[in-house]
Amino acid sequence: MNATDAAIVRATQAGLPLVPEPWRAVAESAGITQAQLFARLSAMLADGRIRRIGAVPNHYRLGYTANGMSVWDVADDAVDALGARVGALAFVTHCYRRPRRLPEWRYNLFAMVHGKSRAETDAHVEQIRALLAPALRAHDVLYSTRILKKTGLRLA
Amino acid sequence: MDELERAIVNRLQGGFPLAERPFAAVAQELGTDEATLIAKLKDMLAAGTLTRFGPMYDVERMGGAFTLCAMRVPQADFERVASLVNAHPEVAHNYARAHEFNLWFVIAAASRGRIAPLLAAIEAETGYAVLDLPREQEYFIELRLVA
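For the record, the sequence lines run as chains D and A.
Position 20 of the first sequence, counted from 1, bears residue number 20 in this note's numbering, the numbering being contiguous throughout.
Position 22 of the second sequence, counted from 1, bears residue number 22 in this note's numbering, the numbering being contiguous throughout.
None of these hints come from the bench; they were simulated from the model.
Note that the Cβ used here is the ideal one computed from N, Cα and C, for glycine as well.
Heads up, some of the hints might be wrong.
To be verified - EDC-like mimics (lysine to aspartate or glutamate), calculated; alpha carbons at most 20 Å apart, straight line: (1) D:Lys-149 to A:Asp-77; (2) D:Lys-150 to A:Glu-90; (3) D:Lys-150 to A:Glu-60; (4) D:Lys-149 to A:Glu-90; (5) D:Lys-149 to A:Glu-79; (6) D:Lys-149 to A:Glu-125; (7) D:Lys-149 to A:Asp-132; (8) D:Lys-149 to A:Glu-123.
As the list claims (entries may be wrong) - To give a feel for the contact side, a few chain A residues facing chain D, derived at Cβ under 10 Å: (9) Pro-55; (10) Asp-58; (11) His-93; (12) Tyr-95; (13) Ala-98; (14) His-99; (15) Gln-137.
What the hints assert, rightly or not - Residues from chain D that keep clear of chain A, each with C-beta distances beyond 10 Å, as calculated: (16) Asp-73; (17) Ala-135; (18) Arg-137.
Excised from the complex, chain D in its bound form (with noise of 0.2 Å):
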């Protein structure tokens, strides 16, 4: 990360200031042009270091009250091909390969499934199953009891 990106990383982590021009308010204590901050952050978002720019909203808060971390015990040569599509699931708000850890730890798949009401994340969670069947070996659901902390990363 170059000297410029970091100092807009630094000036925007926190959030945007909800004023009429945040981005001049940006680009100030970067110190750079308003041009140049348009720049660095197409960039930026052009190239995937930035995912998107707008509102992260509470899921519980949309009545999202029930979120499920579903893990998925599936065979090796399989998971790229079946997880791409468990991710393009419109109730899948992540979905991520990570390593086994034997004994303990299983599951090499995950996705975070997200519903009104448990009935609804149980259906879903479902319907992931199904699609996985051919090979899955096991599968368990995580459902959150609380947060403990949430706050926005930070990199600079």
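Fit chain A to the supplied structure of chain D, relying on the hints for placement.
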């Protein structure tokens, strides 16, 4: 949640304009005005309906490192361990979950090399092992929840 709040959530999970007056541009799309939109966003952040407003960075693409960690903690010791884990600024999110592995947290560090010593420190402070589950592959997602 009122109609404007719903419209804000559905319009603004991405695509905030790079423009001189971005709130004015979005307000026009939503059929409101700049001052009303800004006031509403402040209210929604204060009320916790929104947790953040701004650019969302991809930690790994920014050169940092990210991992998901799990711990198996006896209930009687849970609050102590959760506090010790939360005290580390690199711990971005931490959730209690109903499972044998009952404490799940995300670490965002400046580099991959910072993660192992941090996990060792958490294990030493708490007395419990940490499962380190970094992402090996991400499958495409469109992060949008409908309000």
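How the hints compare with the structure:
| no. | hint | in the structure |
| --- | --- | --- |
| 1 | D:Lys-149 to A:Asp-77 | 17 Å, holds |
| 2 | D:Lys-150 to A:Glu-90 | 11 Å, holds |
| 3 | D:Lys-150 to A:Glu-60 | 19 Å, holds |
| 4 | D:Lys-149 to A:Glu-90 | 11 Å, holds |
| 5 | D:Lys-149 to A:Glu-79 | 12 Å, holds |
| 6 | D:Lys-149 to A:Glu-125 | 18 Å, holds |
| 7 | D:Lys-149 to A:Asp-132 | 18 Å, holds |
| 8 | D:Lys-149 to A:Glu-123 | 19 Å, holds |
| 9 | Pro-55 | 5 Å, holds |
| 10 | Asp-58 | 5 Å, holds |
| 11 | His-93 | 5 Å, holds |
| 12 | Tyr-95 | 5 Å, holds |
| 13 | Ala-98 | 5 Å, holds |
| 14 | His-99 | 4 Å, holds |
| 15 | Gln-137 | 4 Å, holds |
| 16 | Asp-73 | 13 Å, holds |
| 17 | Ala-135 | 15 Å, holds |
| 18 | Arg-137 | 18 Å, holds |
In summary, this structure violates none of the numbered hints.
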